[in-house]
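**Q** Chains A, B and C, in that order, give the protein sequences. Numbers given in this note's numbering equal positions in the first sequence, counted from 1, plus 40. Numbers given in this note's numbering equal positions in the second sequence, counted from 1, plus 2. Numbers given in this note's numbering equal positions in the third sequence, counted from 1, plus 691.
None of these hints come from the bench; they were simulated from the model. There's no promise every hint is true.
[Said to hold, decoys possible] No farther apart than 25 angstroms at their CA atoms in a straight line, the calculated lysine-lysine pairs in the BS3-like style are these:
| id | chain 1 | residue 1 | chain 2 | residue 2 |
| --- | --- | --- | --- | --- |
| 1 | A | Lys373 | A | Lys327 |
| 2 | A | Lys327 | A | Lys157 |
| 3 | A | Lys157 | C | Lys816 |
| 4 | C | Lys817 | B | Lys87 |
| 5 | B | Lys211 | A | Lys421 |
| 6 | A | Lys132 | C | Lys749 |
| 7 | C | Lys749 | A | Lys157 |
| 8 | A | Lys505 | A | Lys314 |
| 9 | A | Lys421 | B | Lys216 |
| 10 | A | Lys513 | B | Lys87 |
| 11 | C | Lys816 | B | Lys87 |
| 12 | A | Lys405 | A | Lys373 |
| 13 | A | Lys110 | C | Lys893 |
| 14 | A | Lys132 | C | Lys816 |
| 15 | A | Lys327 | A | Lys110 |
| 16 | B | Lys87 | C | Lys893 |
| 17 | B | Lys87 | A | Lys422 |
[Said to hold, decoys possible] So the derived label-pair ranges between C-beta atoms look like this:
| id | chain 1 | residue 1 | chain 2 | residue 2 | range |
| --- | --- | --- | --- | --- | --- |
| 18 | A | Ala152 | B | Glu185 | 55 to 63 angstroms |
| 19 | C | Pro859 | A | Arg167 | 54 to 62 angstroms |
| 20 | B | Ser128 | C | Pro859 | 27 to 35 angstroms |
| 21 | B | Asn59 | C | Pro859 | 17 to 25 angstroms |
| 22 | A | Lys110 | C | Val920 | 54 to 62 angstroms |
| 23 | B | Ser128 | C | Ala752 | 45 to 53 angstroms |
| 24 | C | Leu756 | B | Leu62 | 17 to 25 angstroms |
| 25 | C | Met902 | A | Lys110 | 29 to 37 angstroms |
For glycine and all other residues, C-beta sits at the position ideal for the given N, C-alpha and C.
The residues making up each chain are set out below.
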Amino acid sequence: MLRYDDVSCTYGEADRPSVQNVDLSIGEGRCVLLCGRSGCGKTSLLRICNGLIPNFYGGRITGNVLYRDKSLLGMPVSDIVGIAGTVFQDPKTQFFTTDATSEVAFGVENLAVEEEKLRGVVDGAFRAMNIEALKERSVFTLSGGEKQQVAIASIYAMNPAIYLLDEPSSNLDHDAIGKLAHIIGRLKSEGKTVVLAEHRLYYLRDVVDDICYLDGGRVVRRWTTGEFLAMRAGERRSLGLRTMNLAEESPRVQRTASGAECLRLEGVAVFYGKRPVLEGIDLRAEKGECVGIVGKNGVGKSLFVRALTGLHGDCRGTFTVNGRAAGRRERLKRAYLVMQDVGYQLFADSVEEECRFGLGGVSDKAVAEVLRRLNLHGERKKHPNTLSAGQKQRLAVAVGDVSGKDILVFDEPTSGQDYESMLLVSGLIGEQCGKGKLIFVVTHDYEFICETCTRIVHFGEGGIKDDFTLDGKASGRRKPREIFMEEERLPGMFADEPDGND
Amino acid sequence: MCIDPSVARVGYVNNQRKLFMAEENRRLDARDLITIGVFSAVIVVLIFVGGVFFAINPVLTFWTPAACALLPGPAFLLLAAKVRKRGVIAICGLVVGLVVFVTGMFWGIAVGYVVLGALGDAIASSGGYGSFARNAVAYILFSLSFCISFIVFFTNRSYWLSSMASSSADEAYFETMIAAAREWILPVMIAGTVLSALLSALVGRRLLKRQFEKAGIVS
Amino acid sequence: MADNRGRAVTIDPRTRIFFLLIGNLFIVFAPTQAVEAGFVLFFLLAAVVLGAAPQALKTAAAYLLLIVLQAFSAGWTRMWWGMMLFTFSQFMTMVLPYALLAVILVSTTKVSEFMEALYRLRVSKKLVIPFAVMIRYAPAVLQEFAMIRDAMRMRGISPSLFGFVRRPLETVECFYVPMLMSAARVADELSAAAVARGIESKARRTCLVPMRFGIADFAFLALLVAVLVVEIVINITAPI
Numbered sequence: 041m042l043r044y045d046d047v048s049c050t051y052g053e054a055d056r057p058s059v060q061n062v063d064l065s066i067g068e069g070r071c072v073l074l075c076g077r078s079g080c081g082k083t084s085l086l087r088i089c090n091g092l093i094p095n096f097y098g099g100r101i102t103g104n105v106l107y108r109d110k111s112l113l114g115m116p117v118s119d120i121v122g123i124a125g126t127v128f129q130d131p132k133t134q135f136f137t138t139d140a141t142s143e144v145a146f147g148v149e150n151l152a153v154e155e156e157k158l159r160g161v162v163d164g165a166f167r168a169m170n171i172e173a174l175k176e177r178s179v180f181t182l183s184g185g186e187k188q189q190v191a192i193a194s195i196y197a198m199n200p201a202i203y204l205l206d207e208p209s210s211n212l213d214h215d216a217i218g219k220l221a222h223i224i225g226r227l228k229s230e231g232k233t234v235v236l237a238e239h240r241l242y243y244l245r246d247v248v249d250d251i252c253y254l255d256g257g258r259v260v261r262r263w264t265t266g267e268f269l270a271m272r273a274g275e276r277r278s279l280g281l282r283t284m285n286l287a288e289e290s291p292r293v294q295r296t297a298s299g300a301e302c303l304r305l306e307g308v309a310v311f312y313g314k315r316p317v318l319e320g321i322d323l324r325a326e327k328g329e330c331v332g333i334v335g336k337n338g339v340g341k342s343l344f345v346r347a348l349t350g351l352h353g354d355c356r357g358t359f360t361v362n363g364r365a366a367g368r369r370e371r372l373k374r375a376y377l378v379m380q381d382v383g384y385q386l387f388a389d390s391v392e393e394e395c396r397f398g399l400g401g402v403s404d405k406a407v408a409e410v411l412r413r414l415n416l417h418g419e420r421k422k423h424p425n426t427l428s429a430g431q432k433q434r435l436a437v438a439v440g441d442v443s444g445k446d447i448l449v450f451d452e453p454t455s456g457q458d459y460e461s462m463l464l465v466s467g468l469i470g471e472q473c474g475k476g477k478l479i480f481v482v483t484h485d486y487e488f489i490c491e492t493c494t495r496i497v498h499f500g501e502g503g504i505k506d507d508f509t510l511d512g513k514a515s516g517r518r519k520p521r522e523i524f525m526e527e528e529r530l531p532g533m534f535a536d537e538p539d540g541n542d
Numbered sequence: 003m004c005i006d007p008s009v010a011r012v013g014y015v016n017n018q019r020k021l022f023m024a025e026e027n028r029r030l031d032a033r034d035l036i037t038i039g040v041f042s043a044v045i046v047v048l049i050f051v052g053g054v055f056f057a058i059n060p061v062l063t064f065w066t067p068a069a070c071a072l073l074p075g076p077a078f079l080l081l082a083a084k085v086r087k088r089g090v091i092a093i094c095g096l097v098v099g100l101v102v103f104v105t106g107m108f109w110g111i112a113v114g115y116v117v118l119g120a121l122g123d124a125i126a127s128s129g130g131y132g133s134f135a136r137n138a139v140a141y142i143l144f145s146l147s148f149c150i151s152f153i154v155f156f157t158n159r160s161y162w163l164s165s166m167a168s169s170s171a172d173e174a175y176f177e178t179m180i181a182a183a184r185e186w187i188l189p190v191m192i193a194g195t196v197l198s199a200l201l202s203a204l205v206g207r208r209l210l211k212r213q214f215e216k217a218g219i220v221s
Numbered sequence: 692m693a694d695n696r697g698r699a700v701t702i703d704p705r706t707r708i709f710f711l712l713i714g715n716l717f718i719v720f721a722p723t724q725a726v727e728a729g730f731v732l733f734f735l736l737a738a739v740v741l742g743a744a745p746q747a748l749k750t751a752a753a754y755l756l757l758i759v760l761q762a763f764s765a766g767w768t769r770m771w772w773g774m775m776l777f778t779f780s781q782f783m784t785m786v787l788p789y790a791l792l793a794v795i796l797v798s799t800t801k802v803s804e805f806m807e808a809l810y811r812l813r814v815s816k817k818l819v820i821p822f823a824v825m826i827r828y829a830p831a832v833l834q835e836f837a838m839i840r841d842a843m844r845m846r847g848i849s850p851s852l853f854g855f856v857r858r859p860l861e862t863v864e865c866f867y868v869p870m871l872m873s874a875a876r877v878a879d880e881l882s883a884a885a886v887a888r889g890i891e892s893k894a895r896r897t898c899l900v901p902m903r904f905g906i907a908d909f910a911f912l913a914l915l916v917a918v919l920v921v922e923i924v925i926n927i928t929a930p931i
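Just chain A, same shape as in the assembly:
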């Protein structure tokens, strides 16, 4: 049994504790979900258990953490790793080696397991995670989902009794999330204890036993999964939590189209190298629409938006923006991409400067106005890197706004964000639609689509597979469910392709 005994914790120089008087007992073989708004202390609770606080992130801890009546506090991290293994948020930054086999072996090698046993242990981890096809593969050819599976296998090989998962789904697509749920189920069936901190909840429905809600560092509510599912949607939303049951959600945004055409694509084909990835694309979109771009990894969604925004030049066919033929240069001027890693597109040394950087001739008044509208005015002197993920995203949108772009494209805008941040993004997009912009959103997030999009373009089989409006008619409600829920019912059925272009 893992027990938190009146645990409080304060980071280095912070004035407010990030965890306060937490008492929590987690039985062997249980799966416990820690949820709550960003900054509620759920990640800190995991870090106290695996020893990263105080050994890696300085901090003061009072109380005690016990596993089978042995105190984990004060143990060096290298001793805790055999008891509690951790899987982190971003699969890209937790790989230490360059091929999958070495990566799975990395942890056990550190534990100094005898060389004769190593091969068996590593092979066993690949088998248990059902990823034997990934053996020896180079890290650089793995998709995000595959990387996460390898990362879990690496922990599995070390055979800890407790698995700590810190927002493991935030950078995964829909299929990979399904597989993640399977893996958690498998760990439980082996009697492992699993503790998760997570925003996205739907995939945990069949694996989680207990749910703890944290607020301001305290555990303020607890539910069993059954109780949680029985809770009214309104109450759940007021706590800032996402749904655990996707079937509850259905598209609810209905905007009457403006009738003014913004973008038209005729016979567009996009090439990668010599290979045509997408062919025969015809698309017409109006001002004020919000188009969700969905489809499996590797079908060319990212390539499509890069071609649309003029970043990728290797394409044929005609693009028309606002009634005028738009070559690559023109599209670069008219369209703006808000990247998934929004940090790459922030360059200046203050929020205010960011809105002027590289644009030339933007007035102070326009900057102040856009920052006020996007709720960033209070941060205008700060360095962009010190902002939260959501604020960075809004800043990128502010740049797109002041530079007068007509088409905004968002790539996975909700990855790693809590419910309220998701609503903020959704509101932001709604507002931009209201201003007559055309929005495209590449996303795997069904809840977010329901909240935001007016239309879905489904990519697959080398082109557009389906294109429909979410207009409240039966087909507009059924089709998105088919795309997201049917796949969810059959996790593991879909081969996880490397996301070469994504």
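Starting from the known structure of chain A, arrange chains B and C on it as the hints suggest.
**A** Chains B and C in isolation, oriented as in the chain A frame:
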């Protein structure tokens, strides 16, 4: 979220107060080593990106050291400012030297990175890695490593002449030509490298002040 | 680095590292270009035996091309371009044999094998860890360049030499700020992940790839050392 590891850490075990680590952590730990690795990767890529176009071009070959010195300065200074422990530049030099050696560039360059990196580390650490002048001198020394293959090349007469014996029609002319080339190419090359490294370091200082300190990446 | 497929003879990675070191000395002490060419031939033979034939042949082809270029340009040293070509080809032929040796090591050794070989050679963790991370992260830096280039174009800043000349300060910031911010973040996250998988463990780590120093290794090393001794003796007794 990154907190200075040298902050005293106090913890409680079984509700008894215990000091986990009160002394300043002056030795390189795993986090420092990994930080050195990541920044060495950036530095190596920038050295290659800067130099590759020059290295394969007959007209520009001898400007390669200067080109290699032009880009990595900001990464180098940020690494020194972030880790601030004795050995950071020396290990970076070792890593870069090892890469240079294993990727088959002239062995002298590798030796240069190791020796000049250690020398630069001694200079930078004497200023606690906080003095721009000393860090910049360390970077200039580090960058000069690339000149070594050319120094060996130009000072090794037999190399110059070994393959000439059969084909040169006008040996006297060739000798004077070589002498002249040796005399001016080397100093110009070294001066160019020093200037280029200095410029890179100045850009680095500007970025550190304007961006990274304000962003909380370094204090 | 590469995998083990297609390797004809298996020798210990430590032997391969020594081959790189001693091979370098061969070239350093080679008295004439003819002797050097002989060594290059020997390296090629070794490459075929060790299973790195295709990669080594490419390097050898480049070496041959440079020798031809050198011979050709030697007749034109009166012209400035002839002089340039001559110096360049000579410089490159000086450097290329070392590259050939490196190609053999890199294309026959996995990263994890190389790391373990370094550990067994008593190389400190302080070098092996940063080196491993460097190899892991360098390709990612190149991927980041692509993203940064996209972001710059989105902002109307041309990621080119022309763009730099036109707006030097902005271009410099666009280039370094995202790259170094990302490097700092990666360094922190990767450290946390590595610490949480026991990198700071005091125990001597083990290795998945079995490593054995066999008869073939001793024989090969003995051959290398013998050749080196003969070469140095010749060099001392008959200096050129």
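**Q** Look at each hint and say if it fits the structure.
**A** Hints, one by one, checked against the model:
As the CA atoms of lysine 373/A and lysine 327/A are separated by approximately 17 angstroms, the hinted pair is consistent with the 25 angstroms bound. Restraint check for lysine 327/A and lysine 157/A: not satisfied, since their Cα atoms lie roughly 63 angstroms apart, outside the 25 angstroms limit. Between the alpha carbons of lysine 157/A and lysine 816/C the distance comes to roughly 24 angstroms, so the proposed pair stays at or under 25 angstroms and holds. Proximity of lysine 817/C to lysine 87/B is assessed by CA-CA distance (about 13 angstroms); at most 25 angstroms being required, the pair is judged to hold.
Proposed proximity of lysine 211/B and lysine 421/A is supported: the alpha carbons are some 15 angstroms apart, at most 25 angstroms. For the hint linking lysine 132/A to lysine 749/C, the alpha-carbon distance of about 33 angstroms lies beyond 25 angstroms, and the restraint is violated. In summary, the hint linking lysine 749/C to lysine 157/A is not supported, as the alpha carbons are separated by about 40 angstroms, beyond the 25 angstroms threshold. Taking the CA atoms of lysine 505/A and lysine 314/A, the gap is near 22 angstroms; set against the 25 angstroms cutoff, the hint holds.
Under the criterion of a C-alpha separation no larger than 25 angstroms, the hint pairing lysine 421/A with lysine 216/B is consistent with the structure, at around 10 angstroms. Taken as a hint, the lysine 513/A and lysine 87/B pair is broken in the structure, with Cα atoms around 65 angstroms apart against an allowance of 25 angstroms. Between lysine 816/C and lysine 87/B, the direct Cα distance comes to roughly 16 angstroms. Compliance with the 25 angstroms bound is thereby established for this hinted pair. Our distance criterion of 25 angstroms between C-alpha atoms is met by lysine 405/A and lysine 373/A, whose separation comes to about 22 angstroms.
Our distance criterion of 25 angstroms between C-alpha atoms is met by lysine 110/A and lysine 893/C, whose separation comes to about 21 angstroms. With a C-alpha separation of about 23 angstroms, the suggested pairing of lysine 132/A with lysine 816/C holds against the 25 angstroms cut-off. For a cut-off of 25 angstroms, the pair hint linking lysine 327/A to lysine 110/A is broken: about 62 angstroms separates their Cα positions. Taking the CA atoms of lysine 87/B and lysine 893/C, the gap is near 21 angstroms; set against the 25 angstroms cutoff, the hint holds.
Of the pairs offered as hints, the one joining lysine 87/B and lysine 422/A is violated, with about 29 angstroms between alpha carbons and a cut-off of 25 angstroms exceeded. The supplied range of 55 to 63 angstroms is met by alanine 152/A and glutamate 185/B, whose beta-carbon atoms lie about 59 angstroms from each other. Our hint of 54 to 62 angstroms for proline 859/C and arginine 167/A holds, since their Cβ atoms are close to 56 angstroms apart. Range check, serine 128/B to proline 859/C: about 33 angstroms between beta-carbon atoms, so the 27 to 35 angstroms window is met.
Between asparagine 59/B and proline 859/C the CB atoms are about 23 angstroms apart, so this pair conforms to the stated range of 17 to 25 angstroms. A C-beta distance of roughly 60 angstroms is found between lysine 110/A and valine 920/C, which places it inside the suggested range of 54 to 62 angstroms. Against the hinted window of 45 to 53 angstroms, the Cβ-Cβ separation of serine 128/B and alanine 752/C comes to about 49 angstroms, which satisfies the hint. Between leucine 756/C and leucine 62/B the C-beta distance comes to about 19 angstroms, which sits within the given range of 17 to 25 angstroms.
For the hinted restraint 29 to 37 angstroms between methionine 902/C and lysine 110/A, the CB-CB distance of approximately 36 angstroms keeps it satisfied.
Hint compliance for this structure: hints 2, 6, 7, 10, 15 and 17 are broken, all remaining hints hold.
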